[in-house]
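Undergrad: Sequence:
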Amino acid sequence: MGLNAMKKPLRFGLIALLFSASLLPVADAGAADPVKRLAGSQSLSPLAAMGAQTAPRQDRRPQGASAAVDQGEPAATWPGAESALKHQGATPDGVSQGTEPPPFGANLFARPFKMERPDALNPDYIIVPGDQIAVHVWGAAQTEDVAVVDAQGNIFITSIGPVKVAGTRSGDLGRKVREAVASVYSSNVEVYVNLLTSTPVEVFVTGAVRFPGQYAGAPTDSLLTYLHRAGGVDLERGSFRKVRVLRQNRDLKRVDLYDFLREGSVPSVRFADGDVILVGERGPSVTVEGPTLNPFRFELSRRAVPGDELATLARPLVSASHVGISGNRASGPFAVYVNYEQFRQFTLEDGDRLRFEADQQTPSMLVSLEGSYEGPSSYTVARNATLTDFLDNVPVDQELAATQSIYLRRASIARQQKELLDRSLRQLEQSVLTAPTRSDGEAEIRVREAELVSQFVERARQVQPEGRVVVSEKGRPSNVRLEPGDVIVIPTRTDIVLIGGEVMMPQAIVYDEKFRTSDYVQRAGGYTERADSGKVMIIRQNGAVEMGSDVVVQPGDQVVVMPAVEFKSLQVAKDIMQILYQIAISTAVVLTLL
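Taken in order, the sequence shown gives residues -31 to -1, 1 to 563; the numbers are from mature numbering (1 follows the signal peptide of the UniProt record, and there is no 0).
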């Protein structure tokens, strides 16, 4: 049975927010597409578009919100566009500001490579002159030699003669030698062959690497291994896409390391003495931020590419519906905000900066339940769902649930409460530090007060309001519209009253219908010396607040005695008292001055 099965919902009830929130007007950005070849692109702040009802991947520009960049008016029309323009160097003095994401592949050479196995253990190693090979023959013939492959590619085996081994795979070396021995001794002969050492090659690694120079290695060592020996690609100026292997000043192979980073394709090169690995200078690049799998700086394959090609590298998440793009063109700096489909056709050039945005409202949202209820704790509801409609579908035990005291916890309200509290604390600090004094004695008092206030402010800044919204009026929940992430709290019925604040013994007491506020305070030992007996706060189970020592207390209430505030300055005392109220109401906690 739903909560409202027994009661007719109050459709237009009063919603009592613990703190009021100021609504800030959103200014129309009023600027737009700077690139003529992107027909119909849009320029609109996502903040201004949040109220629009749009279909997926649709434009959100209000009428008259576009202008051509050729008119010389840069458009900063998406979150962070102004800082992005500055990052591109679009400042009056031409000074570039900000920092870029690391290049795609920056971690490739960040850690030591695992030690490669010796070529003697590599079955694909190709025998070359200078290699040392151990040969053991026993049976009808016996010999033990350590032969060196000569310039003709042969090894000499006693009683057998020269055997051609150069160009043979290490894995085939034993078969090659056994065949040579079998040509002389057809039976009763065993052969064991082992490649002892391989001949290293000297390879030059130069260009945009950290430590250019000459490096020794095996012919079968990978290109990545040689680059790693040279410290890897220089992240500031090097290219991951323009790597050349030269032999005798001619291109042997051109390598794009993006193929390895994206697909695991390892370039196959067999190095020889004197080969050169040349890393080119970084080419045209764009930077990517926002909800993507790869938020990096990407080097373009050519001077200008469509957004669709860049998307295959950045791999934006499914939630990314719009893209903010800023950069420079011949007509000057620009910034646009386009939907994803438009971005796929947008031509990107060197220095462009992208920020993917999850700026598409979904038709549903997630809310959750806490307290006394039956069934699941999380629900997916329509974006326009109301509290009473939702509660009609929540099964509860009417004997256990205090349905008359339902309230919400809302993240946006918690943020507003925190902002208001921080603002009050700043004003309090300012009023204390700037208070005038008329004598040395008064100055000493001011100093002690300032120290006390500073300690109080430091503790108050640690407070995190819970964002409680009072939605019950006369025992009925109001028909308030829900927001994403709302927590609907259905308190459990209780016969306990909590007494706290400036009382001698804060405690929980069983509800007595004959008791008033003062009776409960006396049951808690009475007021402390710091208490203000005229300021007793009653916080109802639904979050509503009443003041006074004669208020009728209800089951589940909290009785909070506020402290007395005595300061030389009346304004400081009022400010502190106001902050204490804010904290008590938003968190049900009384912060003391000491």
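Because the hints were derived from the structure by calculation, they are not lab data. What you are looking at is a predicted structure, and each value in this text was computed from that prediction instead of being measured. Hints may be right or wrong, so weigh each one.
[As the list claims (entries may be wrong)] In the DSS-like style, the derived pairs of lysine-lysine whose C-alpha atoms are separated by at most 25 Å in a straight line are:
#	residue 1	residue 2
1	504	483
2	387	443
3	211	222
[What the hints assert, rightly or not] Ranges between beta-carbon positions, derived for each pair:
#	residue 1	residue 2	range
4	69	262	13 to 21 Å
5	205	171	52 to 60 Å
6	113	141	17 to 25 Å
7	147	262	48 to 56 Å
8	232	396	53 to 61 Å
Note that the Cβ used here is the ideal one computed from N, Cα and C, for glycine as well.
Undergrad: Now, for every hint given, state plainly whether the structure supports it.
TA: Consistency of the hints with the structure:
no. : hint                  : result
1   : 504 / 483             : 21 Å, holds
2   : 387 / 443             : 29 Å, violated
3   : 211 / 222             : 11 Å, holds
4   : 69 / 262: 13 to 21 Å  : 18 Å, holds
5   : 205 / 171: 52 to 60 Å : 28 Å, violated
6   : 113 / 141: 17 to 25 Å : 22 Å, holds
7   : 147 / 262: 48 to 56 Å : 53 Å, holds
8   : 232 / 396: 53 to 61 Å : 59 Å, holds
The structure does not agree with the numbered hints 2 and 5 stated previously, though it agrees with the rest.
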